[in-house]
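Position chain D relative to chain Y; hints supplied.
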Amino acid sequence: MTTLPRREKDGEPVVVSAILLSMKSVFDVAEDLARAHKNEDPETQAVYLAESADTPAEVRLVEISGSLGNSGEVLPFRFAPRADLGVPYASVVLLLGLDDWERVKRGELSLPAGWGQPQDLKKIA
Amino acid sequence: MVTERDWAEGFLAQARADLEAAHVLTTQNSITASGASVFAMLLQMAFEKFAKAALLRSGAIAYGGARSSHKGASTMVAAMRRQKNLIAPIGGPHLWTAAFEVIEALERAQPSLAKAHGGPQLEYPWASVAGSSFGQPKTSRSQTGSPIRTVGSCFTCSTLPKGSIASSTPSSRDCSARCHVTR
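Line by line, the protein sequences are chains Y and D. Take the first sequence: its position 3, counting from 1, is numbered 3 in our numbering, and each next residue is one higher. Adding 125 to a residue's 1-based position in the second sequence gives its number in our numbering.
Each hint should be verified, as a subset may be incorrect.
[Claimed, not checked] Covered by chain Y, per the in silico footprint, the following chain D stretches (three or more residues, Cβ under 8 angstroms):
no.	segment
1	193-203
2	250-256
[Said to hold, decoys possible] Pairwise CB distance ranges, derived in the manner of DEER restraints:
no.	chain 1	residue 1	chain 2	residue 2	range
3	D	Thr157	Y	Pro56	27 to 37 angstroms
4	Y	Gly86	D	Thr157	39 to 49 angstroms
5	D	Tyr249	Y	Ala46	47 to 57 angstroms
6	Y	Glu40	D	Tyr249	46 to 56 angstroms
7	D	Ala213	Y	Met23	15 to 25 angstroms
8	D	Pro250	Y	Gly86	12 to 22 angstroms
9	Y	Gly107	D	Tyr249	33 to 43 angstroms
10	D	Glu134	Y	Ser25	30 to 40 angstroms
11	D	Phe259	Y	Ala57	47 to 57 angstroms
12	D	Gly184	Y	Lys122	19 to 29 angstroms
In case anyone wonders, no lab produced these hints; they're calculated from the structure. In this text, a Cβ means the ideal position worked out from N, Cα and C, and glycines have one as well.
Next up, chain Y with everything else stripped away, as it sits in the complex (with noise of 0.2 angstroms):
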């Protein structure tokens, strides 16, 4: 049984959630989004985690998927987290069509700043 830590100040239980204490890692939640994405969008080719020591606790996913257009434009949407949802943590989308990621292995389109190089991203699913 896990003892929750009490507050030393005024004697009484600290409010801290087991949800805080269970509280799933970033890779399993991008692993759980990724594959929620990939039933969503059956054409989705790879989804990749852009990992980040600056900003821990965010979920970064890069997808690519035949279902997306190639606009040659880098577009991530954020998500604020929504621990009572299932995602605890902020989460970006980056969507690639299947042309605008060979763009960016090429280096002819740049991920985010702060992302990294295309090399260093964690294919997921």
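Only chain D this time, still in chain Y's reference frame:
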């Protein structure tokens, strides 16, 4: 110094203004043939600015990128489709699916994107890719040949490409070729 957050708030404010203007058209019984094309244009502009506001607010792009981007709205929609669990608090897929479809259709009709396929456009007159035919938003007909018209308490917006639909009634399943907006 103007920050990206300032720009984001500016885009958001202007998106709301576009949406209010579109709403005025519906409340003033102005959805005539030409009014419908203007209504569609205002919606497209609103969604594009909403998307750019979101991108600017998160720091994903800078002002220059926002000005030059034309795919923000459809990319936002694609991300929202995938994150359907996270849009549950604002209505979820049941409410948003119809809106997603019309947002995507409106963006395809945005002039800078539509010129590539020569199809119907918002805002400007256009010519087919071959240059053999000419069209303009206010007289555009749907691919089924139906002109823009008012129908009872709804209007049918056929300036949009086939496959577009917007509905304030999520139960609507008529998503094939028209855009219904309840007045």
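Against the structure, the hints come out as follows:
1. Coverage of the segment 193-203 of chain D by chain Y holds. Counting CB-CB distances below 8 angstroms, 8 residues qualify, and the rule asks for three or more.
2. Coverage of the segment 250-256 of chain D by chain Y is violated in this model, with 0 residues showing a Cβ closer than 8 angstroms to a Cβ of that chain against a need of three.
3. Hint check: D:Thr157 to Y:Pro56, Cβ distance near 56 angstroms, so the stated range 27 to 37 angstroms is violated.
4. Separation of Y:Gly86 from D:Thr157 is about 47 angstroms and conforms to the stated range, judged on CB atoms against 39 to 49 angstroms.
5. The hinted range of 47 to 57 angstroms is not satisfied by D:Tyr249 and Y:Ala46, whose Cβ atoms lie roughly 38 angstroms apart.
6. Evaluation of the 46 to 56 angstroms hint for Y:Glu40 and D:Tyr249 yields a failure: the beta carbon distance comes to about 34 angstroms.
7. Under the hint 15 to 25 angstroms, the C-beta atoms of D:Ala213 and Y:Met23, about 20 angstroms apart, fit the expected range.
8. The supplied range of 12 to 22 angstroms is broken by D:Pro250 and Y:Gly86, whose beta-carbon atoms lie about 49 angstroms from each other.
9. About 36 angstroms separates the C-beta atoms of Y:Gly107 and D:Tyr249, a value consistent with the hinted range of 33 to 43 angstroms.
10. At about 34 angstroms, the beta-carbon gap between D:Glu134 and Y:Ser25 stays in the expected band of 30 to 40 angstroms.
11. One distance hint, 47 to 57 angstroms for the beta-carbon pair D:Phe259 and Y:Ala57, holds here, with the actual separation near 55 angstroms.
12. Remark: the range hint 19 to 29 angstroms for D:Gly184 to Y:Lys122 is upheld by a beta-carbon distance near 23 angstroms.
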